[in-house]
Amino acid sequence: MTRTPLLQVEHLTMRFGGLIAVNDISFTAYDREITAIIGPNGAGKTTVFNCLTGFYNAPVGRLRLTGARGEFLLERMDGFRIAQKGGVARTFQNIRLFPQMTVLENLIIAQHNTLMRASGYTAAGLFGLKSYRDAEREAVELARSWLDRLGLTAQADWEAGNLPYGSQRRLEIARAMCTKPVLLCLDEPAAGLNPRESGELRELLTEIRDRRRIGVLLIEHDMSVVMGISDHIVVLDYGRLIADGTPAEVRSDPAVIRAYLGEEDTDQIPPEVARNLRQGGRV
Amino acid sequence: MDVRALLKDAGLAAFVAFMLALPMIGFQTVDFSGGVGITVVTRFGDVAISVVLVFVGRLALSLLQYPSWRPPLLMASVVVVVGLPLLKTQAHYPVITWLAVIASAVIAVRSAWLHFDVSGVVGRDENNRMGDAAAFIGRWFGPVFVLFAVIFPFLPTTSRYLLDLGILVLTYVMLGWGLNVVVGLAGLLDLGYVAFYAVGAYSYAIIARDFGLTFWACLPLAGLFAAFFGVILGFPVLRLRGDYLAIVTLGFGEIIRIVLLNWASFSGGPNGISSIPRPSFLGMPFHPNPPEGVTSFHQFFNIDFSAEHRIVFLYYLILILALVTNSFTLRIRKLPIGRAWEALREDEIACRALGINPTNTKLTAFAIGAMFAGFAGAFFATRQGFISPESFSFIESAVILAIVVLGGMGSQIGVVLAAVLLIGVPEFFRELAQFRMLAFGAAMVGIMIWRPRGLLAHRDPSIRLSDAAGAGR
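So the sequence lines, in the order shown, correspond to chains A and B. Residue numbers for the first sequence follow this note's numbering, so the first one is 164 and each next one is one higher. Residue numbers for the second sequence follow this note's numbering, so the first one is 1125 and each next one is one higher.
Here chain B stands alone, though its shape is the one from the complex (with noise of 0.2 Å):
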């Protein structure tokens, strides 16, 4: 690998990024003060900035396949100590920054692997290394990351905001593992996986509406309603495979939604169902002034009241829904059931000659699925007290999907990365402003480059040799 052709490449990468910077970075169109018409800002100096990133970033990239890991360092501390100084003096976009001391840092900590590693082959082989990493993190991480959510409301970092947003990435943990077990341990690709979260959500605020239920009598039917419309969902596309299955449930996805959005006497319109009672504890609701006869939580505790007893409630709440749902799964992969998805995954062909019935499995998958989808439902209207169409567009659908592949199908640590990733990451974007979803949709297309099957793609056996020898478990 020679010089000039690394710089060749490089800036081949630098000109295509001029050319798309010049015309989305370069000119901006803005407001005249007094509101008549609009003018054009330029931002070249934006555009150099970008253009100058790239030309390095690729270089880092090329450097990577380099055989030895000196010139990678190198080019690390060289962005270091020249580049950040610079960029600090650009003040504009501190994201951008921080992005280059990780990436250095990245490059650095790869090119010391790439030393310490005796054969230094890149391939196949670090595959699997990716492999044992994955198992290690579930194995050891799993429990630590478990002991963090349980005590995060308690540490004195934890802010009103960042409460809300663990009860928003939790949300979506746990409607992630509930499409892995149809899409990534059954392999039936579903893009209408928020229609059952929104029948969940829906009956939950309507059984409260006109029959008075509690939140705690609700959840269990929230869960069988979305069942059987799982179920019902199930039956038309049992024949359909990949594509076609696709279209289908993205079909019923919005089918729900439309019927939802325009049968106003049932589910209220496009104005959606307001004032949906809030989940109590033990009974004890969550109120300053409780009714007459009624303890409240914080007069039986003996404590002031503070609104935040009820976030960290709904806290603890998703967080024991989204564990149930994780050794829910855990556990169902090691049965007969749960092995039958995963072989139909492989091959439905195969499945049937062995005696395997299609339509019970996918069937009990589509079910069990949708279940987690609509006991979410019901967390996400007592929580949000207000549901309406609007919040199970198709886009749900694709970000939960999108969590899935993400973080390694079928694997249950990965939901969790990738769930922290698209949920939790963009808020931390909130600096670039207008470029939030630029730099989103760059991370996600760098993840999917770096890591084609996903963050954690790694199956473990649902049983070993070794380990079934003596307790059969």
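The following block holds chain A by itself, in its conformation from the complex (with noise of 0.2 Å):
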């Protein structure tokens, strides 16, 4: 299969003050493939989603998206539009659900812009033409087939702030599939997920990047996910980029190591730590 690059990222530098969070990271993330942003506490893993989806504006480099929707430079575009046009979805590390609407609102508001289009920007809608009541319908659909994938079909009417914390994860999820998306990008999308929980959130992403033919961004500190899922791992720490690689690569990377367990002793690792690491679990 050949891998065709979606997102390319280029000295992409983000300075907060003295502090330079990122510095001059340059990876690709490939069409059809989970790829993971991994990296100790700090380490810039957030800084590069931000700037990717428009909340930070980049000072120095290149954040190139070429999706099905065409092809975008993404440091030069406002945060709402990196969404609407280019077609890059996220979720957040503490979820950002609209709590008191409905968990079935929740997943029509991602549909706002082609409903905002539908609806005539409001004047047929407000009077009710069939066009827009037929876009409703379809959004409604599309909608029910994710409440039906996560089995949240029978709470699609309570409020989202109700549901339990799993299935909140789930629904920021499906949430940000609504907006049909070319790029997914999740934001340690398994914490405080029980192991159970986090295996169905494999299956979802494993099934969103197979069935649903995007590419994943994902940010995570579960080693059972990261391992068990990626296609390609970056691994950040300072803000540098010190690792690039299928996760067997990641895994034996004598700096990863260092990274993630300090630089004194690398050749002390205790032996149930490298076990833990090696095998997936969680550092």
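Errors might be hidden in some of the hints.
[As the list claims (entries may be wrong)] Pair by pair, the computed Cβ-Cβ distance ranges are:
no.: 1; chain 1: B; residue 1: Phe1405; chain 2: A; residue 2: Lys248; range: 48 to 58 Å
no.: 2; chain 1: B; residue 1: Gly1366; chain 2: A; residue 2: Gly181; range: 25 to 35 Å
no.: 3; chain 1: A; residue 1: Gly180; chain 2: B; residue 2: Pro1360; range: 25 to 35 Å
no.: 4; chain 1: A; residue 1: Gly180; chain 2: B; residue 2: Val1448; range: 50 to 60 Å
no.: 5; chain 1: B; residue 1: Ser1451; chain 2: A; residue 2: Asn325; range: 29 to 39 Å
no.: 6; chain 1: B; residue 1: Val1140; chain 2: A; residue 2: Gly181; range: 54 to 64 Å
no.: 7; chain 1: B; residue 1: Arg1588; chain 2: A; residue 2: Arg359; range: 29 to 39 Å
no.: 8; chain 1: A; residue 1: Arg375; chain 2: B; residue 2: Val1268; range: 45 to 55 Å
no.: 9; chain 1: B; residue 1: Val1355; chain 2: A; residue 2: Asn325; range: 29 to 39 Å
no.: 10; chain 1: B; residue 1: Pro1412; chain 2: A; residue 2: Lys293; range: 49 to 59 Å
no.: 11; chain 1: A; residue 1: Lys293; chain 2: B; residue 2: Thr1483; range: 28 to 38 Å
no.: 12; chain 1: A; residue 1: Glu412; chain 2: B; residue 2: Ser1590; range: 43 to 53 Å
Don't read these hints as lab results, they were simulated from the structure. Built from N, CA and C at the ideal position, the CB exists for glycine as well.
Hints in hand, dock the two standalone chains.
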């Protein structure tokens, strides 16, 4: 299978005052692959995401997205346009659902731009034209297919904030998918999930990659998720890129082990920790 | 819960009430009959009444938490049997007697409610129940309210005074519904809403004065101008939220008022604009002797002239305007733009990540909220026939905002209840004379303690999976 580059990050640099959060990072995420970004806390993973999705304007670097919707230079676009035009959807480290709106409404809002066009920017919707009603029905069908997939159909009319934590995580992913993205960015989707839930998450993510045929960018600390499903891993430490390769390559990279376990005594890693790391446990 | 602790608690409250009542109620300064100097009159009887009322009220409040229903009911009956005759002897303030009766009834009903409720758990559970009650009221009482509002002018008990009060309340209902778009749906705290009301009123007054257009031609223009000003205000405050937004909108409201006050050649300054044309019914004026060639309302319908026709007409005009505002808001809530407003209120960052344009979304909320204020302003101008900057002070914004917050943010029927409560009820407190605002304030505090999220804080989903399945509506 030939790999199609989806997102090319070139020399991305982001400074906050004197702190260089992301320092000259270049990597490529491919279409229909799961690319994981890992690294110790404070390595700059979320900063990379925020630059990508337009929450920060990176002063240096190029973010070239070559998706089904065309080619975009994300560093030049406003935050909402990256999602609207480019088709980059994201989730957040701390869940950002619309807690007082229902589960279904959360999924419908994700289709805002499609529905806005269908409602003739409100005018047609106000008079209840058929074209808008059809568009709304389609939006509900898309939402329903996700609810069925997540097993949340019975809770469709619940307030999203009342869902259990694990369901909220999955709902946020479904909401991002409802924007019909070309690139899905997930910021620690397994945080706070129990082993069974993170197993379900792995299934969901591989399904999104294989069946929806889009690229996934993943920040994650849970090594069982990262090692189990990633096609490609990028490792950051102190804002620099220290490794880039397949899970097997990254796992045995001395620089990565050093970053996770400290500089000294690298040959003295406790055997159970090393085994854990190789087998993909949580570090 | 032992009796001694209850009594001690109530005693403490009574002591605080005593300390407050002694200077505030106990002494009154009155002019000498000749008008030279003042003298002090003591009213210790009233102080005693207030202290006893606070003691009993505090005791009743504590008893409401009591797991059994018998003591509160006993308490309520004691108040009615013993308290009322005593209060009757103090005939200064009949309102207090009424309050005591209402409070006792509430306590009795509440205790009965607790008794019949199996779980007896008060708290989160109860919030849901209140939500259901709000939904119920919204669904069934809404049409009843509308029906009542429609037949209100023809009820035998309706006097000219009550009709005027009805117009006033409906004006505030409309303003509340308009502000509900901005504050309740989009979550943008706007403290300068009255500015758009002023823009609407002055647009109508000035266009009618200088260009001679009729009310019906000016109404959309007034809405348009107000919406335009809404967008103008919207631009600088796009990046602000919460407190900061409130401060800027407050400033904007004051700017409009002060410009109107000082730009005398344009707005007439503090003298305002007078003899604003009155509205006509399909081109037929309400006038006893219309000019040549014009048929007036009473001539057309071949009835005797009555000044009340115009009042009734104004009443229906504001009723229709308010109902249009309501149905527009209800409809737009179910459209993508309305959902985007609510999403923006919940989480702006998530909205941007979903590709929702926050600028356009906020500006439309400001513009549509302002447009309704503009309509209401034009109505206000034509009803009063005279406007001046005094009518558009900050306190008006505060009252409209209070209506929205008190009603429960985003709740349409809540706005109606709150407007009746805030505008109508103070009229009934007139018997209390100088304590009117005190009673009003106490009622507000009470409501906010009793229902911190507003009278009818209930959000109806804009779409349900079950409904959406078939009709898509």
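Each hint tested on the structure:
no.: 1; hint: Phe1405(B) to Lys248(A): 48 to 58 Å; verdict: holds, 52 Å
no.: 2; hint: Gly1366(B) to Gly181(A): 25 to 35 Å; verdict: holds, 30 Å
no.: 3; hint: Gly180(A) to Pro1360(B): 25 to 35 Å; verdict: holds, 27 Å
no.: 4; hint: Gly180(A) to Val1448(B): 50 to 60 Å; verdict: holds, 53 Å
no.: 5; hint: Ser1451(B) to Asn325(A): 29 to 39 Å; verdict: holds, 30 Å
no.: 6; hint: Val1140(B) to Gly181(A): 54 to 64 Å; verdict: holds, 55 Å
no.: 7; hint: Arg1588(B) to Arg359(A): 29 to 39 Å; verdict: holds, 30 Å
no.: 8; hint: Arg375(A) to Val1268(B): 45 to 55 Å; verdict: holds, 50 Å
no.: 9; hint: Val1355(B) to Asn325(A): 29 to 39 Å; verdict: holds, 37 Å
no.: 10; hint: Pro1412(B) to Lys293(A): 49 to 59 Å; verdict: holds, 52 Å
no.: 11; hint: Lys293(A) to Thr1483(B): 28 to 38 Å; verdict: holds, 30 Å
no.: 12; hint: Glu412(A) to Ser1590(B): 43 to 53 Å; verdict: holds, 51 Å
The structure agrees with every numbered hint stated previously.
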